Structures are given as structure tokens and as C-alpha cells.
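Asker: Order-wise, the sequence lines are chains A and B. Mapping of the first sequence onto the UniProt record's numbering: position 166 corresponds to residue 166, and the numbering continues sequentially without gaps. Mapping of the second sequence onto the UniProt record's numbering: position 94 corresponds to residue 94, and the numbering continues sequentially without gaps.
Derived by calculation from the structure, the hints in this document are not laboratory data. It cannot be assumed that every hint is accurate.
Since the list gives no way to pick one copy over another, a pair counts as held whenever it fits inside one copy or between any two copies.
[What the hints assert, rightly or not] Only pairs whose alpha carbons sit at most 30 Å apart, straight line, appear in this in silico BS3-like list of lysine-lysine:
#, residue 1, residue 2
1, Lys168, Lys147
2, Lys134, Lys79
3, Lys41, Lys140
4, Lys140, Lys34
5, Lys134, Lys34
6, Lys147, Lys227
7, Lys168, Lys6
8, Lys41, Lys134
9, Lys134, Lys147
10, Lys140, Lys227
11, Lys134, Lys6
12, Lys76, Lys134
13, Lys166, Lys140
14, Lys227, Lys76
15, Lys34, Lys76
16, Lys6, Lys79
17, Lys141, Lys41
18, Lys6, Lys227
Keep in mind the model is a prediction, meaning the values are calculated, not measured.
There are 2 protein chains.
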Amino acid sequence: MVVRYKVTLAYDGTQFAGFQLQPNQRTVQGVIEKALMIMAKSSRIPVSGSGRTDSGVHALGQVIHFDFPFLLPAEKMLKALNSLLPLDVKVVACEIAESNFHARYNTTGKKYRYRVNLDYYTNPFTRFYTGHWKYSLDVKKVQIAVKDYIGTHDFTSFAASGGSIKNKVRTIYASTVHFDQPNNELIFEFYGDGFLYNMVRIMVGVLLEIGNGRRALHDIPRLYAVKDRRQARLTAAASGLYLEKVYYGDGPADQIK
Amino acid sequence: MVVRYKVTLAYDGTQFAGFQLQPNQRTVQGVIEKALMIMAKSSRIPVSGSGRTDSGVHALGQVIHFDFPFLLPAEKMLKALNSLLPLDVKVVACEIAESNFHARYNTTGKKYRYRVNLDYYTNPFTRFYTGHWKYSLDVKKVQIAVKDYIGTHDFTSFAASGGSIKNKVRTIYASTVHFDQPNNELIFEFYGDGFLYNMVRIMVGVLLEIGNGRRALHDIPRLYAVKDRRQARLTAAASGLYLEKVYYGDGPADQIK
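Hey, can you work out the whole structure from these sequences and the hints?
Answerer: Next up, the structure:
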């Protein structure tokens, strides 16, 4: 009898070739499956994540599930995993889940964070943990434009082209920006029912261009209409992106549905 | 005619084998001398720092000097160096100095910062930027004990043994600790006329043991008296240490002398 676990992870994506298992690459899924094999003294225990993250992308609250061959109290599982995992991955929460819980299929929403350092020269201490915008930027314009993402829109212009997903309509429940003055950083948060490949990084790129005056203040509605990836141009760097939280019917938007 | 420059640097020490030039190692001095040679199209231009920092130790305000073979406005020098240096070193200030200015011999004081993360498990995002203390800690005790460093004392117990420096008396002008609650970190600052090898890291190790109750609250005066490195035990990790500022007659303590 196997036991299904739901585990929440934080990781520094800098030294990973992304979340998803790949042969001969160091991946988050790979180091977790390796730790589980050691714990269970078994063959491979497949891990499913709420979604992939790219190389260099971080997580504060990635969620995974897996079936373990015997029962361990959740607190013991957390402790054992943290003692076996490398220091750039940490289990922040662990619980025993229903046997039909699925980290990917059951999601009802996700929240991403994106940090942009605004120093002229790259900050040595945040180079792996922020994007970087060295051009002038009008924070007020960004604060106004960021609200244009709220609501249900066709995000075709904001998705990496190709891919098998046909329906590019997504709903954004919250879209905010905070200017962290002491660190000279913009911190974006986007909470929605789902996100397309590279979508957050493209959304941020568009906002930075609006802040710099390279785009009209309300260029975002025009981008929904044209459905053309090339018109959104920039993809902000992977290093600034954090998967902050994954929701399973427990998000603010779930309460009002 | 050569021109002497005084340059202030910030660097992330994680990927350096320390400040000082070493054959076949990546050092801060090494990458700066390489950039200067490219700029001047010349042979080696020796760089002098205010002092060494060990592998993994960071700087927010390390100061160096060097003689450049021709005059460049300070702003141009800053820009040229930043365009040639790797992203983990940044020039934060640059000025043309008197020809007898010496980054090491003219120092009147230094300020160090030390960050300690207090989470039970290592934080993936700060593992290279803080020390780590997973045991219980009474912040109040640390706040009281940290004041015992203020004044002029014999720091023999707080210096790595060996070395050629005979006089181990140093004056600490300011010794503080701040508890950063959101990040669950202690941030120490020590400002003094000079520091012995590993002295700050040993001072922090003693404070952490006091906070944990492994030492008496006022064990520091006893350590001055015994003059025995072995009794100070712990050396806190290099990753938490930052050379914050170097003074040249311009520090708070210089005003009252």
C-alpha cells in the first residue's frame, strides 16, 4: 500500500537545468527522486510537479506529489527529505494527501513573483535573483499599466509561440507592482488561474517598455487584440522569476467562485 | 606620469578564492588587474587592497588603489572598469587620489557586517550570503553581550593562531546587532581601528554560543583575560561576512580623536 504525499518546495533555480527530469542534467525533479530512492531503498519513485520551471527560475512554493511505498508521518518525511536534499532545495511543508490528489491537474490557480533590479550596473548580490533594467523607468506608468492584466484575456501575444496548447485565454485575478526603494527593485505579483509558457516574463517585459516610454501607457489591450507574439518583443530574464504559490481550491479567487 | 586611483568595490565572494592574487585561482585582485591591463594595453598594473578577504567573504566597500599609466576622468575609469569586470564585482566609487595615498597603510578603521540566518533548515536563497545557526537563540542575551566588545581589548583569544602580528590589542568603537524579523536574521556590525585574521568570525561564533546558553552572558571579558584561541572555539562561516566600509580619517571615530 503506497501513501501519497503533497510536498511544498522552495528552491534556488540558478544551478538547476529547470524542474523537469532530463538525462545527464541536474534538475529539481531529479534530486528529489534520488532522495526518495535512497529513503525507500527502492527503484524510481516518480514525482509530479504543479508545472515546470525553466533553468534559473526559482520557487518559493512549488508543489509536488508522489507515492511512497510505506507510511511515514509527514513531519518525518519533511525532515528526512531536508537532510538528503542539496542546500538549494528545501521542503517547506509536507502533508499526507488523498490518494487522488494531483499536483498538476488539481491546481485552481498560481501566483508568480518577478523582481527587477533598477541599478544602472548589475548588482553582484542579486544577479541570480532579479531581472535587470538599467534604462530609465517611470514607476507611476508601470503602476497604472499593470492593472490592464486583470481580468479574462486572450494571452496569445504573451505566450512563447509553438506548443500544443490551443486555448490561450487566461484569467488574472490580481496584478500588482511594489517599488522597494531601499533595494531599488520593482516587485511584481501576478495571480491567475493559469499561465502559458514564458507568459509572466513576457508580461514583465511589456511593462518595463511601458515604464520606459517605448510603448503607449495602455498598449496591453492592443496586444490582446493583435494576438501576435512578436509585438510583445522582450522576455524578461529567468533569474527574476519565482513560482510563489500554487492553489488547490484554497486561493482568494476560489472563495468567490 | 602615472595617476593614482582610489576605487571602492562591492563583490560577491562566493566564486572567488579570496581577494589576494594567487596563481591559477580566480581572485578579486586578479580580475581587476586583468581589466586594467586590457584598458591600458600594458603589462601588469599592481593593485593594493585595504586588506585581504577570504574565499566566500563579501565586500560592500572594499577599497583599492593602483597607478594607471595615463589620466582618465574618474567617471570614465568607473565606467570602463564596470564594463570589463565580471558581474560579481562592481565598482561603486572611483576618484583620483594623492600620489601617496595607500589603500592599506592609510586606513584608520574598518566596518564589518555579519549576517546569520536563524531558520532550522538552510535557506536556499541566502546560503551563500549568511552564516547559519539552527540552534535556539535568545536575542536579548546577544544584544547584551555584543556590547562587551566595545573598547580597547587584547583580542588574542579572537585571532587565528600563528601569523606575524604580535600586537593583538584593538579598539572597537561600535558593536551592534539587529534582529531582522521578516528574514529571521541577525545582522551584526563591528566598527574598529583594525581587525585580526578571522577576528569577526570568531567574535560572532562566541556571541552565538552565548545566545544559545553554552557560554555565560559575560564570557567575553574572560576570553580577553585568558588569551587562548582554543577557548573561543567556533569560527562562523565565511559566507556571512561583509567588509562594509574602510575609513581613511573620515570615520565617526576619527572625528573625536
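Asker: It remains to establish, for every hint, whether it holds in the given structure.
Answerer: Results of checking the hints against the structure:
{"no.": "1", "hint": "Lys168 <-> Lys147", "verdict": "within (19 Å within a copy, 61 Å between copies)"}
{"no.": "2", "hint": "Lys134 <-> Lys79", "verdict": "between (42 Å within a copy, 14 Å between copies)"}
{"no.": "3", "hint": "Lys41 <-> Lys140", "verdict": "neither (56 Å within a copy, 45 Å between copies)"}
{"no.": "4", "hint": "Lys140 <-> Lys34", "verdict": "neither (47 Å within a copy, 42 Å between copies)"}
{"no.": "5", "hint": "Lys134 <-> Lys34", "verdict": "between (41 Å within a copy, 25 Å between copies)"}
{"no.": "6", "hint": "Lys147 <-> Lys227", "verdict": "within (19 Å within a copy, 63 Å between copies)"}
{"no.": "7", "hint": "Lys168 <-> Lys6", "verdict": "within (28 Å within a copy, 55 Å between copies)"}
{"no.": "8", "hint": "Lys41 <-> Lys134", "verdict": "between (51 Å within a copy, 29 Å between copies)"}
{"no.": "9", "hint": "Lys134 <-> Lys147", "verdict": "within (23 Å within a copy, 42 Å between copies)"}
{"no.": "10", "hint": "Lys140 <-> Lys227", "verdict": "within (27 Å within a copy, 59 Å between copies)"}
{"no.": "11", "hint": "Lys134 <-> Lys6", "verdict": "between (40 Å within a copy, 25 Å between copies)"}
{"no.": "12", "hint": "Lys76 <-> Lys134", "verdict": "between (46 Å within a copy, 18 Å between copies)"}
{"no.": "13", "hint": "Lys166 <-> Lys140", "verdict": "neither (35 Å within a copy, 59 Å between copies)"}
{"no.": "14", "hint": "Lys227 <-> Lys76", "verdict": "neither (49 Å within a copy, 45 Å between copies)"}
{"no.": "15", "hint": "Lys34 <-> Lys76", "verdict": "within (17 Å within a copy, 51 Å between copies)"}
{"no.": "16", "hint": "Lys6 <-> Lys79", "verdict": "within (14 Å within a copy, 50 Å between copies)"}
{"no.": "17", "hint": "Lys141 <-> Lys41", "verdict": "neither (56 Å within a copy, 45 Å between copies)"}
{"no.": "18", "hint": "Lys6 <-> Lys227", "verdict": "neither (37 Å within a copy, 54 Å between copies)"}
This entry does not satisfy hints 3, 4, 13, 14, 17, 18, going by the numbered hints stated previously.
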